[in-house]
Amino acid sequence: MLGYLTVIFCCQLLGELLATTLALPVPGPVCGMAILFTGLLVRGSIPQDLAAVSGALLGNLSLLFIPAGVGVMLHAALLGRDWLPISAALIISTVLTIAVTALLMTWLDAPRSEDDGKN
Amino acid sequence: MRNLRDIWVYLSASPLLHLTLTLIAYQVGLFVYRRARLNPLLNPVLIGVVTVLVALLVTGTPYETYFNGAQFVHFLLGPATVALAIPLYRQVQIVRKSALAIIVSIVAGSLTASVSAVAIAWALGASHDTLLSIAPKSVTAPVAMGISERLGGLPSLTAVLVILTGIVGAMLGTYTMNALGIRDWSARGFAMGTASHGIGTARALQVNETAGAFSGLAMGLNALATALLLPLLWRLFF
Numbered sequence: 069m070l071g072y073l074t075v076i077f078c079c080q081l082l083g084e085l086l087a088t089t090l091a092l093p094v095p096g097p098v099c100g101m102a103i104l105f106t107g108l109l110v111r112g113s114i115p116q117d118l119a120a121v122s123g124a125l126l127g128n129l130s131l132l133f134i135p136a137g138v139g140v141m142l143h144a145a146l147l148g149r150d151w152l153p154i155s156a157a158l159i160i161s162t163v164l165t166i167a168v169t170a171l172l173m174t175w176l177d178a179p180r181s182e183d184d185g186k187n
Numbered sequence: 025m026r027n028l029r030d031i032w033v034y035l036s037a038s039p040l041l042h043l044t045l046t047l048i049a050y051q052v053g054l055f056v057y058r059r060a061r062l063n064p065l066l067n068p069v070l071i072g073v074v075t076v077l078v079a080l081l082v083t084g085t086p087y088e089t090y091f092n093g094a095q096f097v098h099f100l101l102g103p104a105t106v107a108l109a110i111p112l113y114r115q116v117q118i119v120r121k122s123a124l125a126i127i128v129s130i131v132a133g134s135l136t137a138s139v140s141a142v143a144i145a146w147a148l149g150a151s152h153d154t155l156l157s158i159a160p161k162s163v164t165a166p167v168a169m170g171i172s173e174r175l176g177g178l179p180s181l182t183a184v185l186v187i188l189t190g191i192v193g194a195m196l197g198t199y200t201m202n203a204l205g206i207r208d209w210s211a212r213g214f215a216m217g218t219a220s221h222g223i224g225t226a227r228a229l230q231v232n233e234t235a236g237a238f239s240g241l242a243m244g245l246n247a248l249a250t251a252l253l254l255p256l257l258w259r260l261f262f
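If you read the protein sequences in the order shown, they are chains A and B. Counting from 69, one number per residue, gives the positions in the first sequence under my numbering. Counting from 25, one number per residue, gives the positions in the second sequence under my numbering.
Just so you know, these hints were derived from the structure itself, not from any lab. Some clues are possibly wrong.
So, partial list: chain B residues that the calculated Cβ filter (under 10 Å) puts toward chain A [as the list claims (entries may be wrong)]:
1) Asn27
2) Ser38
3) Ala60
4) Asn63
5) Asp153
6) Ile206
7) Asp208
Every residue gets a Cβ at the ideal spot worked out from N, C-alpha and C, and that includes glycine.
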């Protein structure tokens with residue numbers, strides 16, 4: 069377990085180094101995800117313990133957003149002043165984005181879903 | 025009485041107290057969410073955040089003190105993002121077959137997310153700071169903060185708007201896609217990750233493994249697409 073947690077940390081560290089030195093527009097952890105993904109492609113399978121570590125991290129992904137979410141208290145004044153445009157923009161735009169993306173994915177991808185027949 | 029106060033001063037200065045508060049708040053959120061059979065409206069992040077907020081307001085604790093303890097949880101966002109490579113790898117065959125759909129959908133989704141948010145906020149008279157900070161709202165927090173800084177917004181306000189967007193998407197995404205008759209798990213997950221990044225991905229993972237993998241993929245791709253497209257778009261219009 070700890071061995072594969074170390075692998076994940078190494079991927080993130082490598083990702084941070086790449087993102088900073090090459091001034092990439094994506095953050096270190098996303099680069100780290102790409103590095104680990106490439107590693108899995110090369111290896112051709114997922115080690116059982118790595119699956120366990122990732123399951124533990126992703127199984128409680130919601131928890132990890134709580135500290136940043138509490139940061140809402142730092143901007144209470146601004147959010148209070150602009151509450152109407154902010155809530156309207158967040159709700160309408162997010163629903164619209166989900167609709168546009170899901171419809172495009174479904175239309176462009178229709179033949180594949182029929183082939184698989186499992187979704 | 026004096027001893028009790030000393031204990032409180034000691035505890036509130038150590039990371040243990042606010043780390044524990046965060047874990048308890050999450051357990052509260054998870055308990056309610058599970059009791060409601062994963063009803064999206066009872067999002068565990070939302071309940072967890074509100075629980076912590078109430079505790080901090082009641083005890084008069086500033087955010088900085090809270091974050092000193094909570095940062096250990098916050099830190100794990102990085103490794104969790106890296107770990108998204110595993111569900112993604114499990115879907116590699118489907119991803120390869122859907123490459124064209126993925127590229128078109130992510131560009132369209134990225135543009136819809138930022139243009140519609142800025143347009144709506146502007147039409148309703150939002151301040152300049154809000155407009156600049158809301159543009160990258162659908163992108164995962166660290167990238168969104170970077171984009172916001174480049175546009176001249178307030179990165180810390182962007183972080184809050186990003187979290188709120190994630191919660192809104194995780195709450196309303198299921199209903200939106202049911203109304204549109206979208207059944208394919210890959211399309212459902214992909215839309216979730218595009219619009220509401222990691223919080224949408226957390227919801228997708230709770231519902232279906234394929235949806236979770238596509239949501240994680242969309243989150244990463246939308247970070248890339250928005251980071252490349254938004255500054256260009258901004259320069260064209262302003």
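Against the structure, the hints:
1. Asn27: Where the cut-off is 10 Å and the nearest Cβ of chain A is about 29 Å from asparagine 27 of chain B, the hint is violated.
2. Ser38: 16 Å, violated
3. Ala60: 14 Å, violated
4. Asn63: Hint violated; asparagine 63 of chain B Cβ to chain A Cβ min 14 Å, cut 10 Å.
5. Asp153: 7 Å, holds
6. Ile206: Holds, about 5 Å.
7. Asp208: 5 Å, holds
Comparing the model with each numbered hint stated earlier shows that hints 1, 2, 3 and 4 do not hold.
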